[in-house]
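Visitor: Sequence:
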Amino acid sequence: MQQEPMWRPSAEAIANARMTDFLQQMNQRHELSLANYHDLYRWSVEQHEQFWSEVWDYFDVVGDKGASVVTDKEKMPGAKWFPQASLNFAENLLRYQDDRLALIFRGEDGQRQQLTYAELYQQVAALAASFKKLGVSKGDRVAGMMPNCIETIITMLATTSLGAIWSSCSPDFGVQGVLDRFGQIAPKVLITVDGYFYNGKNLNIKQKTADIVAKIDSLEQVVVVNFSDQSDTISGTDVATWDAFLDHSASDLEFVRCDFNDPLYIMFSSGTTGVPKCIVHGIGGTLLQHMKEHGLHTDLDRDDRLFYFTTCGWMMWNWLVSGLAIGATLVLFDGSPFAPKPEVLWDMVDDEGISVFGTSAKYLSALEKAHVKPRESHKLKSLRAILTTGSVLPPESFDYVYRDIKADLCLSSISGGTDIVSCFALGCPILPVYRGELQCRGLGLAVNVFDDNGQPLLEQKGELVCEKSFPSMPIGFWNDPDGKRYHNAYFDRFTNTWAHGDYAELTRHGGVIIYGRSDAVLNPGGVRIGTAEIYRQVEKVDDVLESIAVGQKWQDDERVVLFVRLREGITLNDDLIATIKQTIRANATPRHVPAVIAQVDDIPRTVSGKIVELAVRNVVHGEPVKNTDALANPEALEQFRDRAELQ
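Position 200 of the sequence shown, counted from 1, bears residue number 200 in my numbering, the numbering being contiguous throughout.
Errors might be hidden in some of the hints.
[Unchecked claim] Here are the simulated lysine to aspartate or glutamate pairs, EDC-like style, with alpha carbons at most 20 Å apart:
hint : residue 1 : residue 2
1    : Lys369    : Glu546
2    : Lys65     : Glu31
3    : Lys362    : Glu568
4    : Lys379    : Asp404
5    : Lys80     : Asp347
6    : Lys461    : Glu546
7    : Lys188    : Asp140
8    : Lys468    : Asp72
9    : Lys208    : Asp252
10   : Lys468    : Asp451
11   : Lys626    : Asp574
12   : Lys341    : Glu368
13   : Lys65     : Asp259
14   : Lys369    : Asp543
15   : Lys540    : Asp399
16   : Lys132    : Asp172
17   : Lys540    : Glu368
18   : Lys381    : Asp303
19   : Lys379    : Asp347
20   : Lys369    : Asp351
21   : Lys73     : Asp492
22   : Lys369    : Asp399
23   : Lys201    : Asp404
24   : Lys373    : Asp351
25   : Lys341    : Asp351
26   : Lys208    : Glu220
27   : Lys362    : Asp404
28   : Lys581    : Asp556
29   : Lys206    : Glu254
30   : Lys610    : Asp172
31   : Lys206    : Asp229
32   : Lys65     : Glu49
33   : Lys208    : Asp229
34   : Lys133    : Glu220
35   : Lys581    : Asp519
36   : Lys540    : Asp303
37   : Lys80     : Asp64
Calculated from the structure, these hints are not laboratory results.
Please take these sequences and the hints and turn them into a complete structure.
Guide: What follows is the structure, given as structure tokens:
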């Protein structure tokens with residue numbers, strides 16, 4: 001039976017969408033007869049060279065495109081996009097220098113700041129001038145250990161205006177976690193804060209900063225932003241306050257034009273299996289892909305206010321800031337989304353007129369568990385879209401959004417990651433929303449699902465792949481001169497094909513379902529099960545706050561072990577175990593039912609909030625976890641060691 005959509009865009013919304021305008025322009029320019037998104041997608045993949053050239057023109061990228069679109073386009077890795085192009089990332093994000101709001105910052109402590117596009121340009125010019133005096137130039141690295149505040153964006157723009165490379169993490173990273181990242185890339189400048197706010201606390205990071213600075217020999221300058229009014233901050237001859245460092249006499253910016261494939265960002269893998277990989281993303285590929293995703297897939301324009309709940313240690317920060325290239329207003333928030341109350345972000349939607357609200361799947365699940373119903377307590381008049389990523393959004397969360405948040409909006413679950421600093425599957429303003437599905441594959445990306453032999457699958461689970469090169473592929477890994485680590489990360493599994501590491505399914509109406517990470521797939525009795533298939537059922541049990549499932553080697557086979565974190569005051573007993581098992585059995589299959597269910601007080605996760613199934617699996621098997629510094633709560637791993645239930 002054909003599944004009915006949970007939401008459909010109105011005829012007026014479809015007519016006015018930029019996606020529709022782009023489709024119509026392609027029909028006119030290339031004498032095509034594309035009738036809908038699926039036609040457009042097919043054309044964008046079959047003619048992907050032409051497509052990406054059109055994206056450049058449609059969004060009027062500031063720079064020189066050059067005559068050639070791509071060389072060695074059939075090679076992965078090896079294709080080189082826009083090899084003759086020159087451009088500057090910051091120049092494209094600062095193309096608007098008017099009195100419209102560029103940035104609004106809201107802090108957990110109640111502070112609010114805003115900058116217009118004209119004011120943002122002046123602030124970037126002042127910092128870029130100071131960087132220039134310091135000798136920061138093309139290829140140098142500037143690192144930020146920063147909250148998600150206005151100064152972080154100013155620093156990124158000043159850095160990239162000079163052709164230098166930006167890299168960031170959030171101030172809640174531990175000393176070793178920061179050194180594992182910035183220590184590999186030898187930054188010339190570190191920008192940080194005196195402290196930050198989280199969950200009602202004002203946290204001083206003076207000692208952490210001092211410890212980090214002492215270990216990174218390449219640093220020539222440290223700049224400290226007074227963010228939380230700490231009286232005790234780091235000092236030294238190479239340390240300056242933000243206000244003292246900026247050259248306010250500078251009035252104009254000289255943008256250094258770079259090659260399309262010159263480095264823009266150095267980003268980091270989670271690092272749970274060893275020292276984090278340093279993933280290098282190029283200027284042009286990042287810009288083109290983000291403008292496509294913001295302008296077409298999210299339908300952003302200058303009247304929109306875009307919010308994403310993120311830290312500077314998660315790729316969604318890099319994705320968010322590119323909204324400046326569209327001319328939208330970005331709303332930034334730093335702190336706990338539940339302090340001082342669970343509705344704090346929804347207050348912000350009404351206060352600031354947010355039109356596109358981005359968050360994590362885990363946040364929506366936590367809201368539902370807390371019985372928060374913004375639809376009843378807030379107006380949400382401006383809100384037209386919710387984006388969610390970080391982990392799989394279960395079908396039940398689709399129900400929650402449309403029932404308890406707002407009925408008339410586009411709920412776009414999106415999936416991609418740090419590896420491509422963008423999305424393989426995401427939303428589309430002219431398509432319906434189906435329960436539990438990502439709306440579509442991204443334009444220009446030849447996304448497919450393969451079986452173990454590299455054969456394509458439809459409506460069957462397999463490995464998410466991309467069969468053609470695309471501009472936002474990494475230009476490589478830092479400190480990987482022969483490209484071997486880069487090749488092994490994505491191209492070892494299938495010939496000339498990017499294997500992304502997600503366990504997924506393509507649906508008949510063009511959507512995508514993600515079942516979890518491929519390397520965390522459970523395999524009891526030879527039946528492959530994505531962990532998200534279990535989590536979505538367990539979340540229905542009211543007493544369970546969250547869970548993590550791993551496969552344990554057992555009697556020449558594998559059995560599923562489920563660990564649960566319960567509501568305060570609740571203890572796991574036979575009745576609750578039976579309820580959990582019955583819920584899974586009734587809504588999935590008997591194969592999904594865990595052999596063992598055990599209670600834990602906490603579940604280990606990365607600093608960006610993702611649960612770490614592989615680390616837990618290692619502990620269960622008595623194997624070492626290579627890099628606990630990558631975890632926000634490494635102490636949580638001890639609960640999984642030598643459990644009596646698993647012997």
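Visitor: If a hint holds in the structure, say so; if it does not, say that too.
Guide: Results for each hint:
1. Taking the CA atoms of lysine 369 and glutamate 546, the gap is about 10 Å. The hint holds against a cut of 20 Å.
2. Taking the CA atoms of lysine 65 and glutamate 31, the gap is about 23 Å. The hint is violated against a cut of 20 Å.
3. This hinted pair checks out: lysine 362 and glutamate 568 have alpha carbons roughly 18 Å apart, not beyond 20 Å.
4. Under the criterion of a C-alpha separation no larger than 20 Å, the hint pairing lysine 379 with aspartate 404 is consistent with the structure, at around 12 Å.
5. At most 20 Å may separate the alpha-carbon atoms for a hinted pair to count; lysine 80 and aspartate 347 exceed this at roughly 46 Å.
6. For the suggested pair lysine 461 and glutamate 546, the alpha carbons sit about 25 Å apart, so the restraint of at most 20 Å is broken.
7. A distance of roughly 7 Å separates the Cα atoms of lysine 188 and aspartate 140; the hinted pair therefore holds under the 20 Å criterion.
8. Only pairs whose Cα atoms come within 20 Å are accepted, and lysine 468 paired with aspartate 72 is accepted, the gap being roughly 11 Å.
9. Note on lysine 208 and aspartate 252: the hinted pairing is violated, with a Cα-Cα distance of about 35 Å set against a maximum of 20 Å.
10. Distance hint between lysine 468 and aspartate 451 is fulfilled; the C-alpha atoms sit about 17 Å from each other, no more than 20 Å.
11. Proximity of lysine 626 to aspartate 574 is assessed by CA-CA distance (about 35 Å); at most 20 Å being required, the pair is judged violated.
12. Of the pairs offered as hints, the one joining lysine 341 and glutamate 368 holds, with about 14 Å between alpha carbons and a cut-off of 20 Å not exceeded.
13. The suggested pairing of lysine 65 with aspartate 259 holds, with an alpha-carbon distance near 10 Å, which does not exceed 20 Å.
14. As the CA atoms of lysine 369 and aspartate 543 are separated by approximately 9 Å, the hinted pair is consistent with the 20 Å bound.
15. As the CA atoms of lysine 540 and aspartate 399 are separated by approximately 12 Å, the hinted pair is consistent with the 20 Å bound.
16. At roughly 29 Å between alpha-carbon atoms, lysine 132 and aspartate 172 are farther apart than 20 Å, so this suggested pair is violated.
17. With a CA separation close to 10 Å, the supplied pair lysine 540 and glutamate 368 stays within the 20 Å bound.
18. With a C-alpha separation of about 14 Å, the suggested pair lysine 381 and aspartate 303 falls inside the 20 Å cut-off, and the hint holds.
19. About 9 Å separates the Cα atoms of lysine 379 and aspartate 347, which keeps this hinted pair within 20 Å; it holds.
20. With a C-alpha separation of about 25 Å, the suggested pair lysine 369 and aspartate 351 falls outside the 20 Å cut-off, and the hint is violated.
21. A distance of roughly 19 Å separates the Cα atoms of lysine 73 and aspartate 492; the hinted pair therefore holds under the 20 Å criterion.
22. The suggested pairing of lysine 369 with aspartate 399 holds, with an alpha-carbon distance near 13 Å, which does not exceed 20 Å.
23. Proposed proximity of lysine 201 and aspartate 404 is contradicted: the alpha carbons are some 30 Å apart, above 20 Å.
24. For a cut-off of 20 Å, the pair hint linking lysine 373 to aspartate 351 stands: about 17 Å separates their Cα positions.
25. With a C-alpha separation of about 16 Å, the suggested pairing of lysine 341 with aspartate 351 holds against the 20 Å cut-off.
26. Restraint check: the Cα-Cα separation between lysine 208 and glutamate 220 comes to about 18 Å, which is no more than 20 Å; the hinted pair holds.
27. Our distance criterion of 20 Å between C-alpha atoms is met by lysine 362 and aspartate 404, whose separation comes to about 16 Å.
28. Taking the CA atoms of lysine 581 and aspartate 556, the gap is near 23 Å; set against the 20 Å cutoff, the hint is violated.
29. Straight-line distance between C-alpha atoms of lysine 206 and glutamate 254 comes to about 34 Å, which puts the hinted pair past the 20 Å bound.
30. Restraint check: the Cα-Cα separation between lysine 610 and aspartate 172 comes to about 15 Å, which is no more than 20 Å; the hinted pair holds.
31. Simply put, lysine 206 and aspartate 229 have alpha-carbon atoms about 12 Å apart, close enough for the 20 Å limit, and the pair holds.
32. Restraint check: the Cα-Cα separation between lysine 65 and glutamate 49 comes to about 13 Å, which is no more than 20 Å; the hinted pair holds.
33. With a CA separation close to 17 Å, the supplied pair lysine 208 and aspartate 229 stays within the 20 Å bound.
34. At most 20 Å may separate the alpha-carbon atoms for a hinted pair to count; lysine 133 and glutamate 220 meet this at roughly 12 Å.
35. At most 20 Å may separate the alpha-carbon atoms for a hinted pair to count; lysine 581 and aspartate 519 exceed this at roughly 24 Å.
36. A threshold of 20 Å between alpha carbons decides the hint, and for lysine 540 with aspartate 303 the separation of about 38 Å lies outside it, so the pair is violated.
37. Our distance criterion of 20 Å between C-alpha atoms is met by lysine 80 and aspartate 64, whose separation comes to about 16 Å.
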